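Novice: Relying on the hints, combine the two individually framed chains into one complex.
Chains A and B, in that order, are what the protein sequence lines are.
Residue numbers for the first sequence follow numbering that gives the first Met the number 0, so the first one is 0 and each next one is one higher.
Residue numbers for the second sequence follow numbering that gives the first Met the number 0, so the first one is 0 and each next one is one higher.
These are computed hints drawn from the structure, not numbers from a lab.
Predicted model only: the values in this text are computed from it and were never measured.
Some clues are possibly wrong.
Claimed, not checked - Here are the simulated lysine to aspartate or glutamate pairs, DMTMM-like style, with alpha carbons at most 20 Å apart:
no. : chain 1 : residue 1 : chain 2 : residue 2
1   : B       : K340      : A       : E489
2   : A       : K177      : A       : E247
3   : A       : K560      : B       : E293
4   : B       : K106      : B       : E95
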Amino acid sequence: MKNIRNFCIIAHIDHGKSTLADRLLEETKTVSDREAQAQVLDDMDIERERGITIKSHAIQMDYLKDGEKYILNLIDTPGHVDFSYEVSRSIAACEGALLIVDATQGIQAQTISNLYLAIDNDLEIIPILNKMDMPNAMPEEVKDQIEDLLGCDRDDIIEASGKTGLGVNQILDTIVEKVEAPKGELNDNLQALIFDSTYNSFRGVITYVRMYNGKIKKGDTVKFVSTDSEYKVDEVGVLRLQPEERKEICAGDVGYLILGIKKSTEVKVGDTVTSVESPCEKAIEGFEEVKPMVYAGIYPIDSEDYEDLRASMEKLQLNDASLTFEPESSLALGFGFRCGFLGMLHMEIVQERLDREFNMNVITTVPNVMYMAYTRKGEVFEMHNPSDMPEPTVLDKIEEPYIKAQIISQADYIGQIMSLCLEKRGTLTNQEYISPTRVELSFEMPLGEIVFDFYDKLKSITKGYASFDYYQIGFRPSKLVKLDILLNGESVDALSTLIHNDNAVYWGRRMCEKLKDLIPRQQFDIAIQGAIGAKIISRETVKAVRKDVTAKCYGGDITRKRKLLEKQKKGKKRMKQVGNVEVPQKAFLAVLKLD
Amino acid sequence: MSSIYIHIPFCHSKCYYCGFHSVASCKDQSKMVDAICKELILRSDFLNGKTIETIYFGGGTPSILKIEEIEKILNQIKSIHTIVDNPEISLEANPEDLNKDFLIGIKNIGINRLSIGIQSLNDDILKFINRRHTAKEAIEAVCLAKEIGFDNISIDLIYGIPNQDNSIWEENLRKIESLPISHLSSYCLSIDDNTVFSKKEERGEFSQMPEDESEMQYRMLVEWTKKNGFEHYEISNFCRDGLISRHNTAYWQDKPYLGIGPAAHSYNIETRQWNCSNNPKYIKAIEGGHIANEIEERDLDVQFNEYLMTSLRTKWGINLKEMEERFPKAWLEHLSKKIIKFKLHLNTSDNKVSIKEESLFISDEIIAEFFI
Ligand SMILES: Nc1nc2c(ncn2[C@@H]2O[C@H](COP(=O)(O)OP(=O)(O)OP(=O)(O)O)[C@@H](O)[C@H]2O)c(=O)[nH]1
Ligand SMILES: C[S@@+](CC[C@H](N)C(=O)[O-])C[C@H]1O[C@@H](n2cnc3c(N)ncnc32)[C@H](O)[C@@H]1O
Ligand code: SF4
Ligand SMILES: [Mg+2]
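Pulled out of the complex, with its shape left as it was, chain B reads as follows (with noise of 0.2 Å):
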């Protein structure tokens, strides 16, 4: 089993918070559309012929795209590669660009989930962020695509925004308690490199919001998702009826992938790789048939440690046994050692260690102290 995201390095306009790689034109659209579909054939190997379980439209936004330009690089995934009968197709989108047509477009040509950036479901603060859409336009966005029969909704909501205090984050989870979702994504403002909010940060115009406070809204969170029948899968996502982001989840438990597209990261158990994250400079080496990108081989404790770090982000943990096949017995030791240390942190039971969910909030913390 194996996954492919594609990236598509595009936006209308850039968030404030935001370090992912896109662009703020669309010059190069179709030229792109073009390399990342060139870029397909070029590494069709790389999954060694592993058949597809999930494919992702990440950006940057996808939902900048056409339909036929999604379809044709669908189809020429298909073309290359084998498709399991249930897969999950995953595309990115913002509620700025979910009309009608397009939701009706992407459903026929096999978008089967949706992951749409609200981010905030108020004004102040979306405009605050930079985003384009209101509280409003958002929620609609979310029932048409219901309404057009997309059963598989995700949304993405950011806390430790300063100014959304508890209140406003309070109201945020109360909008959304009528939304027809399936699945949500809530991450922390972090403060990334060369983003507008750095910047400001440099310039002392902008200050993170206070751990204790932050600490608060992601507590409010978890609780708001118990009581609204969201299983907490992982750090940061919750689902429910069992409706994980399959795609997700495979990062997370070691499965390959291949990430086309500038930026995109790739996986295969024996390197990591990542694409050029400059538009011209991506395209022009597709054009000229070879692939501007990074590799990482991965020696055997950076292995230990990227499974500990994915696994232990999960609800599922590590294993215990699996270790001890892969790993040098003396890791193991250290990492009984910390395992005790952390106990409290910890569920254990069989074979399997998982960081308790009220515990998860310091998972850095303790997945630091495991490393080898």
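The following block holds chain A by itself, in its conformation from the complex (with noise of 0.2 Å):
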């Protein structure tokens, strides 16, 4: 155990993780030449389309120093916000992290964060320059900010680059040396930390364990500490590139368990895994429950799928623990599920991947934030969807969730991003200059007003200079009012918003003008209404198709034909019968492109 090193990769998003996870890879001949690619570790498809990690991912690797063989253990992790649970979860089973900082941007807002997850876990942390290659690189100024933030040894920061391999023996010396060997005790009862798992169609589930103390091997027979299910090992290996199966996993090792589970609720990310015969005394604190920031519902295209629906979700929130979902039912749509996100880019790729992975078409209604409800008889409720609005009879006052923004820019930006703020109802309550060029703000603004392209628009007034991070600062009353949307008449509740009383009108107008053009003719008109209770505020109409019949069916070429009419087909794959209108996907998320 004491040659075993367990580390994950940190950083703030396009810093360059898993392009200097390759070179690690390479280095230590984990991936042969053969298999070596790109981001190697980002093998799901949406990873690698997107050029972004999504997933963390753990691989085990072979270094040899000074005649000794480690076992080192790396954990790739994303740097998008809406994944840092999967970097909380990494940290927690290692006892080092590379922090990664790209030398032609400087520490930037998940750089922070992400920081000081690690430090918050005792992870022996050790600073990377990365990009070194790059001609725009500016290592002593980044050197500076990173001796300021972490208070360490300008001569601790390892220059590096994923590109050449720059600094790669550097930093495998430095693991072995700096980070400790996990502790734990092999003799001692099982004691292991569930930290991800996925959904097999042949094995069923696999979870993938951090082992604290003990040791398992096929045979064994443990079980979960919070359900006290018993199970008997089927398989245990460890993670390469490919799972590889092991005789045992000891304390120390990350490895994968196979248990024959079939039913994807009974594993729980964060439980602890212990032996039937001589359980541990107490379960590993778990992790931290995580907070949806915003919540929309899933619905299946076709009503009948519900239940395979649920199944998948089931499955894939195994694979994403920061998936959270209950049932629901909506009027216009059925049955579906609510569900809690950590940021729009995680539905849209829980939305993805349910089409990719499981074969479900879904709708993904409008999404919002978390209200809390007060009524006049002195209740008060968690609203999850604007459609659980009490009636204004009966409500007192809503209340908002509001957040802490952090904001570094370079100086030269601040007013467009004060400008910004100020749009999305922030106040500013801190301004300091971290470098004479560099600046960090700290607004307190609705969260509602950020989750949805806040981010995107920050990027684009400071030319991708600026970095954001937030937390939550608790509720504040607020003046809200609820924006419904008709089909031909009926509200539609899928597509209901909370907004603020002031920018109501302006609102209802955009929503109906965009809801037009996306919503496809239809072989009758289609009335969109933007109501406030029963006041109608603006009106929009799509025409009925008139003519479709342009391709001729002449000189028997029926091929042809038969193609045009299967691809106007698809186009409506994804559309959702509302009343008897259908309303593409694209419309239910109209509300986040309103400018």
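Specialist: Next comes the structure, spelled out in structure tokens:
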């Protein structure tokens, strides 16, 4: 065990974690030339297409130093805020972290928040100055920033490049030297933390564990502390590029277990695995419950797929512990689930994974944050859905969640940032120069104003220079009204939103205009109306389809015509029947793109 | 019963809207005729000895051919296949080719139906779409054909042409009122790939007529045909005295057909095939004794979709009883749900379902939804 090192790679998004991981894997010959490709650990299609990491990915490497063999367990983590839960769970499985900072960009908001996560968990931090090969690298300036932030020795910052491989050996040596070997006792009772899991249609649930004490081998009988359910161990192994079966895995290791579990709800990430014969005394401290930032309904396009959707979501949840959901029903859409997400990207990814991995065609409704509703009778309840809003006669007040936002940027952009934040109902609480040219601004603002497109806007007004992090600071009363959308006179609950009274009329109008563009012509005119209470505030019409007998059926070319119609039909796949109107998936997200 | 289609891939010049395969040079014309005759031999088994009910010379411009060339092809067909007693033998013709000698010639060799491409009866529009004839010449050609003894004459008209506004369109319809025709095909202008119009559209020099206006023209057309005793038997086809195009109807009724010549399509229930649409390549392959074509095997879902697509274009519609015998139950359940959804647009009686005349204009929308 003294030769094991468990560490993760953390950083702000795009600072080069996965690319540097490639170099480490290459240097330790964990990945053969044949298997090698850029960001090899980003093995999901969505990750490769989007060029970002979504899931943490653990992999074991062998390393020889001074004649000693070491086992290094690396966990590459995502940088995007929406996946920070992945980072926090990875951190719990490690004793050290490589903190990567892009030498061309310097410290950014997630550098800081991920660093604090690691420090809270007593991880040894190894600072790395990455992308040193780039001509616009600013090593001295960024080293100043890192020194200030970490209070470390300037010489401890390793200069590296995921492109050229600069610094890779130094990083590996430093890990061996500085990161503590895992504590734990091989002879103690089994105690292992489930930090992730996935579903395999042949093998059932595969759990990824960090072994704290004891060991585990095929044939053992184990149980989960939280449920007391017992299982026989089918297979244990370690995580190389592909999982590799081992006779046993021991205290200090990172590995996987297959326990023949077919029902995905039996496994909970954060649970402790122990032995039935001699259970450990207490569970390992699990993970903090995730607090969703946004909620939206997910509904099957075909109502008959509801149960399939539930099973798919349960399986997906195994691999995405930050996803929460509970059943709900909508007048417009039938039965579905109210889901909690960590942000808009997270929501998009969940929808896409349901489609790709489970072949589930779903509609995602207009997202919203969680509100607190107070009734005149003095009741208080959480509103996860605008349609939960009490009648005006019953309602006393509504509170909305506020956040503290930290924005780091070049000082040149202060003006633009301030006006954006004011527009989003924010108030400036602090302004601090962290270097002569860089400033950190703190705002308090409603969460509802930032979850949708705030970050995109911030990046565009600052040409990509600003970074941003936030945390919730509680609820505050707010003048919110419910904007309903009516299609042919029927209110569509899935399109309702809560918005601030001052913006209501403008939003109502824009929303109708946007929907008009997004709802395709159908066989009859469709009236789109925006309403607040009984008052109609805006109206648009989608005229009926007039003609579509376009391609001729001539000369016996039936194939071409069929393909054209098949294409037309495919376009309909993502549409949900609401009353007698077909509403495309993207219409439900229309509110997010209103300018 | 089966059909033969012969594709003549030559035109005097290309019309700006036309994406059908043809070239504006006739230098390989006699070689092409030989190749067509040879392909007829090479594929003599394609129709499994079924009798031929219709023969159709299409294009391109079949009226470019010499009488002897058409005769040669017809004789070749007769020498290989059995033909019913009263076949329909059609030829597509462009007005400028229809002189007296030519008309007498083709009548004598057995052509009994003419499909004349008039497109418009407005000279500005004819110029705009690059036709080689005037409105007057077109009208004269139709009358001459009738005089010479053709009793089954069809004309083609295009609506939805930008610049051809409702009043010009109405005038077109008025002008054909007195023509001795038994059949009318009228398609809405579509912008097909590789045409002058599509290139112009890309460059922003051309824009299509707004849907509402072309829909209006379609309604005017349907109105007019009703008043003038035409039967609306397919989305874009109308006939008098029961003189439907038997050939085209075979396409819509799932009957086998053999297509000869470059770019021609063939169908024998199990497969659809189409010849390569390059004249020299086509000729070279045929001369070497083989057919340059692509073959598509038809899976059951393709059969299902194509049956719907072709049948629903016609007034006869689909036959649910027949479908039950051919296709899985689940597909028919899907179909009946959709039938309920679109019931406002459908005629349903016994086991037949067809699209109502007033809803034909959105048949693509309906058919696409019926697809499996
Ligand atoms: N020039 C140069 N480019 C690099 C280096 N490291 C990464 N990149 C590029 O930076 C981009 C982001 O790299 P990734 O490795 O995917 O970054 P990441 O930190 O894993 O990103 P997330 O996982 O999405 O947070 C890619 O285009 C890489 O090719 C480097 O050292 N030098
Ligand atoms: C294959 S063309 C051959 C007819 C013949 N060559 C002629 O021009 O008279 C058959 C008919 O299809 C119609 N057509 C061709 N291209 C079209 C288009 N892009 N849009 C609408 N109709 C079209 C025309 O009415 C044309 O007469
Ligand atoms: S419409 Fe007729 S003449 Fe004009 S290019 Fe097409 S086939 Fe040739
Ligand atoms: Mg990455």
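Novice: The structure should be examined with respect to each hint, and the outcome stated for every one.
Specialist: So, going through the hints one by one against the coordinates:
{"no.": "1", "hint": "K340/B to E489/A", "result": "19 Å, holds"}
{"no.": "2", "hint": "K177/A to E247/A", "result": "27 Å, violated"}
{"no.": "3", "hint": "K560/A to E293/B", "result": "16 Å, holds"}
{"no.": "4", "hint": "K106/B to E95/B", "result": "17 Å, holds"}
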